[in-house]
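S.K.: The chain contents come next:
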Amino acid sequence: MNIKPLGDRVVIKPIEAEEVVGGIVLPGTAKEKPQQGEVVAVGTGEYIDGKKVELEVKVGDKVIYSKYAGTEVKLDGQEYLILKQSDILAILN
Amino acid sequence: MNIKPLGDRVVIKPIEAEEVVGGIVLPGTAKEKPQQGEVVAVGTGEYIDGKKVELEVKVGDKVIYSKYAGTEVKLDGQEYLILKQSDILAILN
Amino acid sequence: MNIKPLGDRVVIKPIEAEEVVGGIVLPGTAKEKPQQGEVVAVGTGEYIDGKKVELEVKVGDKVIYSKYAGTEVKLDGQEYLILKQSDILAILN
Amino acid sequence: MNIKPLGDRVVIKPIEAEEVVGGIVLPGTAKEKPQQGEVVAVGTGEYIDGKKVELEVKVGDKVIYSKYAGTEVKLDGQEYLILKQSDILAILN
Amino acid sequence: MNIKPLGDRVVIKPIEAEEVVGGIVLPGTAKEKPQQGEVVAVGTGEYIDGKKVELEVKVGDKVIYSKYAGTEVKLDGQEYLILKQSDILAILN
Amino acid sequence: MNIKPLGDRVVIKPIEAEEVVGGIVLPGTAKEKPQQGEVVAVGTGEYIDGKKVELEVKVGDKVIYSKYAGTEVKLDGQEYLILKQSDILAILN
Amino acid sequence: MNIKPLGDRVVIKPIEAEEVVGGIVLPGTAKEKPQQGEVVAVGTGEYIDGKKVELEVKVGDKVIYSKYAGTEVKLDGQEYLILKQSDILAILN
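Protein chains in written order, with our numbering: chain A, 1 to 93; chain B, 1 to 93; chain C, 1 to 93; chain D, 1 to 93; chain E, 1 to 93; chain F, 1 to 93; chain G, 1 to 93.
Wrong hints could be hidden among the right ones.
As the list claims (entries may be wrong) - Pair by pair, the computed Cβ-Cβ distance ranges are:
(1) Glu-56/D with Glu-56/G: 42 to 50 angstroms
(2) Lys-52/C with Lys-51/F: 25 to 33 angstroms
(3) Lys-51/F with Ile-15/E: 38 to 46 angstroms
(4) Ile-15/E with Glu-56/G: 28 to 36 angstroms
It should be emphasised that the hints constitute simulated quantities derived from the structure, not laboratory data. C-beta atoms are modelled at their ideal positions from N, C-alpha and C, and glycine is treated no differently.
Can you make the complete structure from the sequences, with help from the hints?
M.R.: This is how it looks when you write it as structure tokens:
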């Protein structure tokens, strides 16, 4: 992966609905729609009260994130999403 | 439970009105409508002035939370809610 | 009382106008309307610059609070209000 | 006085225009209109970077405050105003 | 001067256009219009990260301030302005 | 380069679409559109809780940034962009 | 120069377009339009986490600043601009 997100940002490879992990299906609701993806790159961490803290998510984690968060980029024909760790809701094991 | 919420987030299994805990009934009002649920997963804690602090709620707690808070997810046919601990109003014993 | 508010929240039992404490009557004004109640449960405290600090109000205190603050809940047929201590204006002795 | 304001709040007894202190008359302007009153109760202080700090105003001080600040209460037939110290502009000696 | 501003507030005696100091004339523009005055009273200082810090302006300083800042008061027939030090742009020597 | 950005700002030389680095093509979407460029000057760093911290990006880095961020300047016939490091999403290696 | 800006403010003497420094021409764009000027006075510094920090810009620096920032004043027939250092984008060497 030749992309390095800054600070508390991560790069996500979105997972299509038909290859959903762990039996989770995300229903269409009037609420904020979460989506799933795999973390492919993480930033160097975030500053919390002056101390640099590693991100909680690691490369390879399957995660649920807020649909309207982040910025889409296309790398070697594949679409990715760059978002902040705070836009990630949970890790799926 | 194969879902791990991040930071100060928790996963709630909502409780239907007909199985309400402890005799509490939440009336329909013009105000923010609270709802009840059971905590099924908690995040690793929140940073407060640079120190990681464990969440107050534990797995198994019955809680009241703000209706419009959080994000719904469906796991193995059951609906859950991922929200921040600050959207939880109280624990019912 | 089988309800435990989180953090800096308190549970208030509202006092009806005809049983007002200490001769205080709250006039109808165009301003924010305060109301009176009795504290029936208090949270574990609030974090202030990284230190947990006990709430100023205690169970049994008669308080004046902002009318539109908080969330109403009904417990065993009695209505209560869950609000943050910062929505409480004063204690009546 | 049987009312104790919380934290950085104070209780003010407004002074009518015809009993104005120290020759100050507050003209009607298009700007925020200040008003005068006497402090009758003060809170326990405010937290500033984790340390509790006493309020600058004392009981008995004549003060100028912003007109639209605070909440009116009526105690034993007298109207009072509960507001935050930060809504007080100056002390009149 | 029998008026003591609170905290980081100062009392200004506005200077009329025809008695402008140091040759500065403030043109009418579509931008925020500054005005000149003399400091007649200063507050006890402001809290910056928990430490009380004296104000930079002193009684007697001629200052330029933002036109729409502050609150007008009339004392012994003279109009004054109470504003925060942060609304003062510069001192004229 | 005779331009020195202040604090946490950097100067970017935008890269045209036809000379895109590393095979990344940024699709036109309804979302915030990122763009690519090369860092040609960096500020002295940013203050994080009172400590000056060097920027993560270096001169020569290829970066993706938010399209609507920053301010365009023209230097010796070449267009540059001055933006804050926080508007840079990722470094391309 | 008989004007002393407060805190993190600086006084700028704008440079007309026809006397632009270093070959930089600032194009008219739909974006925030930067402008050039020379620093003629600087404030005493800004507080960053309780410590007073000198400003980065010095008297004599040629700077690019945001067009709509600051307040215009006229001193001895010359127009100046008082703005905060954070409204300065870069120093031109």
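S.K.: All hints are to be evaluated individually against the structure, with a verdict given for each.
M.R.: Now the hints, each set against the structure:
1. Glu-56/D with Glu-56/G: 42 to 50 angstroms: About 35 angstroms separates the Cβ atoms of Glu-56/D and Glu-56/G, which means 42 to 50 angstroms is violated.
2. Lys-52/C with Lys-51/F: 25 to 33 angstroms: Once the Cβ atoms are compared, 26 angstroms apart, the range 25 to 33 angstroms for Lys-51/F and Lys-52/C holds.
3. Lys-51/F with Ile-15/E: 38 to 46 angstroms: 43 angstroms, holds
4. Ile-15/E with Glu-56/G: 28 to 36 angstroms: This hint holds: roughly 33 angstroms between Cβ atoms.
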